[in-house]
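Let chain A serve as the given structure and place chain B on it in line with the hints.
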Amino acid sequence: MPFALNKLNAVLILLALSSTPYFLQAKDSETKENLKAEIKEYISHHLEDAHDYNLFSFTNDIGEHVYIGIPLPIILWDKGLHVFSSSKLNHGASVAHVDENHYKLDHGKIYKTGVLGVINYDDSHHATNLAPLDLSITKGVASMLLISALMFFLFSNLAKSYATNGAVPKGIGRFFEPIVLYIRDEIAIPNIGEKKHGKYMNYLLTVFFFIWFLNLIGLTPLGVNVTGNIAVTFGLALLTFIITNFTGTKDYWLHIFDPLGGSMNWYAKIPLYIILIPIEVLGIFIKPFSLLIRLYANMQAGHIVLMSLIGLMFIFKSWLGSPLSFGLAFAISIIELLVALLQAYIFTMLSALYFGFAAEEHEHH
Amino acid sequence: MVGAGLVVIGVGMGIGRIGGSAMEAIGRQPDAYGKIQTAMLIAAALVEGIGFAALFAV
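If you're matching them up, the sequences are chains A and B in order. Residues 1 to 365 (this note's numbering) make up the first sequence, in order. Residues 366 to 423 (this note's numbering) make up the second sequence, in order.
Only chain A is shown next, with the shape it has when bound in the complex (with noise of 0.2 Å):
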């Protein structure tokens, strides 16, 4: 089959052009000593979030650092708005000068220096310079921005094609039709219910794309790393907690402060009550806030599992050793493809599951 084949060369390409960046930084290191501290370091920068697009970098001939990737606009709020571009910081190799101020990039965060960029240090080894107030549009907020406005232009254009087309969806749509109606009548219509589930629809769709689309540009060798930022997941289910409490029902609150109900005297419930509230008012945060810990750490730990073992490879350095390592590198790849989407899905899943108690009505008795 030529046609499979072609299929197979294609992918084969791509997970080599993934490996790329990885391979041109770990050979920069000369020493051998060194090697463990710096795949170590590559990881933990690889998992923050950065002023630039770093594609890859290597050392040229006569020793210095060169940087192959997108700059990004840096916004600083400091007694004023200032804006330039991340390619004056220079990785933090040169000190940006903006408006008779002058900026330096010192581990992932800008502060206010000096002519020459001198930042100080205290005993535990942080920088006492002003930090302004970064605002910037760093790598995680471009790609939230890039998947925000690619799913905006797709889906409103799938929602346009069932008007012009007799209902049929044609094209990308055929895609994602089977996947909404799961979404609707898998996971919306069973925990919230028939009558309420329409308004929860649409945000319950849109968080599940976000977070699978993010998931899988965080396999790309673009390197981003956006729902490992436990910042991001906190906003996510910041929307879910918001939600959840804004629309629950009478018998939502009613079950959370007096959930005996009428089958008790209102003396035997003082001591029980004394107990019960404070768990159930508790349940409120812990909800959302286990939503945040599993993507957050599910993510971060599937990123540093893929990074350590293609750093494995720099340390066997035998035959024996880099192919076992790329196996595995290429077994783990293929899990998180599915992590991405079991992940997205158990979100969506658990929020819908929240909805629920927020909108359930049972009749009194």
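Hints in this document: simulated from the structure, not taken from any laboratory. Treat the hints loosely; a few may be bogus.
[Said to hold, decoys possible] Okay, derived cross-link-like pairs now, DMTMM-like style, lysine to aspartate or glutamate, Cα gap no bigger than 25 Å in a straight line: (1) B:K400 - A:D49; (2) B:K400 - A:D185; (3) A:K287 - B:E413; (4) B:K400 - A:E361.
Frame of chain A; chain B shown alone:
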């Protein structure tokens, strides 16, 4: 460190049991496949959360 390892062992056993029981249940009631899978994933996700909490406490 040792405690985190113990927690991960526990979480592994827990998720293993959840998965195993789900398999058995699907074997008995193949029609309820979808519902069992959903319940299994929720339970597994909740157990997994404890594992991550332990790992991050290290």
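The hints, checked one at a time:
1. The hinted pair formed by K400 (chain B) and D49 (chain A) fails the criterion: a straight-line CA distance of about 39 Å is larger than 25 Å.
2. At most 25 Å may separate the alpha-carbon atoms for a hinted pair to count; K400 (chain B) and D185 (chain A) meet this at roughly 12 Å.
3. Note on K287 (chain A) and E413 (chain B): the hinted pairing holds, with a Cα-Cα distance of about 14 Å set against a maximum of 25 Å.
4. The straight-line distance between the Cα atoms of K400 (chain B) and E361 (chain A) is roughly 23 Å, inside the 25 Å bound, and the hint therefore holds.
The structure fails to meet hint 1 from the earlier list, while all remaining hints are met.
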